[in-house]
Structure formats: structure tokens, C-alpha cells
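Chains A and B supply the protein sequences, listed in that same order.
Counting from 24, one number per residue, gives the positions in the first sequence under our numbering.
Counting from 17, one number per residue, gives the positions in the second sequence under our numbering.
None of these hints come from the bench; they were simulated from the model.
Any given hint could turn out to be false.
Said to hold, decoys possible - To spell it out: a stretch of chain B is covered by chain A in this simulated footprint if at least three of its residues, at any positions, have a beta carbon under 8 Å from a beta carbon of chain A; those stretches are: (1) 19 to 29; (2) 54 to 62; (3) 70 to 77.
Beta carbons are placed, not taken as given, at the ideal position from N, Cα and C, and that holds for glycine.
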Amino acid sequence: MNGLVEWGSVLVLLAVGFVFGGRSERRHYKSIQNRETKLLALPLKSETKLQVSEIEDVLLVTGSVAIASDYLKTFIANLKNIFGGRLSSFESLMDRARREATLRLKDQAAKWGADEVIGFRLETSTIRQNGIEILAVGTAVKFKKLST
Amino acid sequence: MILTTIDQVPGRQIQEHYGLVSGSTVRSKNVFRDFFAGLKDIVGGELKGYTELLEETRSEALERLVTQAESKGANAVINIRFATSDVAPGAAEVFVYGTAVRVI
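Bound conformation, chain A alone (with noise of 0.2 Å):
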């Protein structure tokens, strides 16, 4: 009885993981690609050269997110442990932490008017045990306007 109890619950947490999930993943993708198209006219580069000399202000801008799996990735990459290879349901949620971090710095860059983003980097760090944590930083650069 206590058996069924617990396979019958662990059952229902997938499905629920499943659902919720996976509807929660789709939307993500959703708004990750409009706000992407958006600030696409904003340069965001990891060099750390400037081609403009003119240079009026400077930000340092950040963007971060703490994001966690769902019952159902966890439940299989636990599974995919047990003979190794890529875990894709992981692979998905760290491409979709990478994009929300950068955009909400791109947002924030864009928000003070940047013209240009250089020195970009990306920081990852696991909290608790599925749980990502990514940290993008980057200086947002403002050029001289030519007065008219």
C-alpha cells in the first residue's frame, strides 16, 4: 500500500511537471524572442575595443535570474545519469537563464539610452540542487552626439 503510495505520487508530480513545465517553458521562449527581436538594434559585445572615441558616459550594467527545473527535467536527467550523455531538458534551461540574463541587461542598458554594450560576460552558479543562477555584467557605453 505504501509502495503504491508513493509511486502513485511520483507519478502525479511528473505529470504536473509535465504540464506546468512545459507550458511555462513554451511561454518563456515566446517572450524571450519578442523582447530579443526588440533590443536587437542594441550591440552587445564581449571584446573590450571601441571603434568610437567620442565617448560621452559609461554603466555598469548587470542582468540576473535564478531559475529551476521542474520535476519532470530532474526525473530524467536523473535517469539519462545512470548511462551518461547530453541531458537536453537541462541544456533548454540554461539557454533560457542565458537569454533572460542577458536581456533584462540589455534592457537596463537600453533604458539609460547605451549605444553600445562591450566587455559582456556570463557567470553561472548552482543554487540549491536544480536550481541555476546567471549573472551577466557588461559596460554600457554612451556616444558624443553631434550637436545640431
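For chain A, the structure is supplied; the task is to place chain B on it using the hints.
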């Protein structure tokens, strides 16, 4: 105070170096937030409580770095790097470091 992640301040000239400055903070969140984060492990999604916590911790660490740089007489910090680590369950440490300089 000008802060950059690159080895210079765009459009300015570095006059003097003051060496490494750093700032660090360790923070923990309350149990309620932790409980909700536990629920998120089932359905997935963003851990807003954690995002906020890390953001607050980060700005506090940055403030400490700025204070240290100011006490050295610098007006800019270049090459800023962040490092985050898990020191205890539910607590996060943020360490930030950079090079203090004077620019003109």
C-alpha cells in the same frame, strides 16, 4: 564613481593605479521564500525570491567595493568581476573585485 568591466574607462585616460579593491556580502533568505522555491522545484520556472536576493546582495557588495575605492582616493574601478558561491543552504555569498584607478 565610474565602474567598468573592461581594462579602461572609455574616453578617459588613466592617471594612477591604486591596486585591487573588493567587496563581499553573505545573505540568507527567510524560510517562506525557501518554501516557495521548493514548490518551484516541481513546476519549474523563475525563482523570483532568489533573483531578488542575489540582486540585493550584489548591489551591497558593489557598494562596499565603491567605499573601499573612495577611501583610496580613486574615482573609477575597472576590470570588475563578480563571483557567487553557495556558502550554506539558502545563503549566498557575492564577491566583487576590481582595480581602483584615477581617471581624467
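Now for the hints, and whether the structure bears them out:
no.: 1; hint: 19 to 29; result: holds (count 10)
no.: 2; hint: 54 to 62; result: holds (count 7)
no.: 3; hint: 70 to 77; result: holds (count 3)
In terms of the numbered hints stated before, the structure departs from none.
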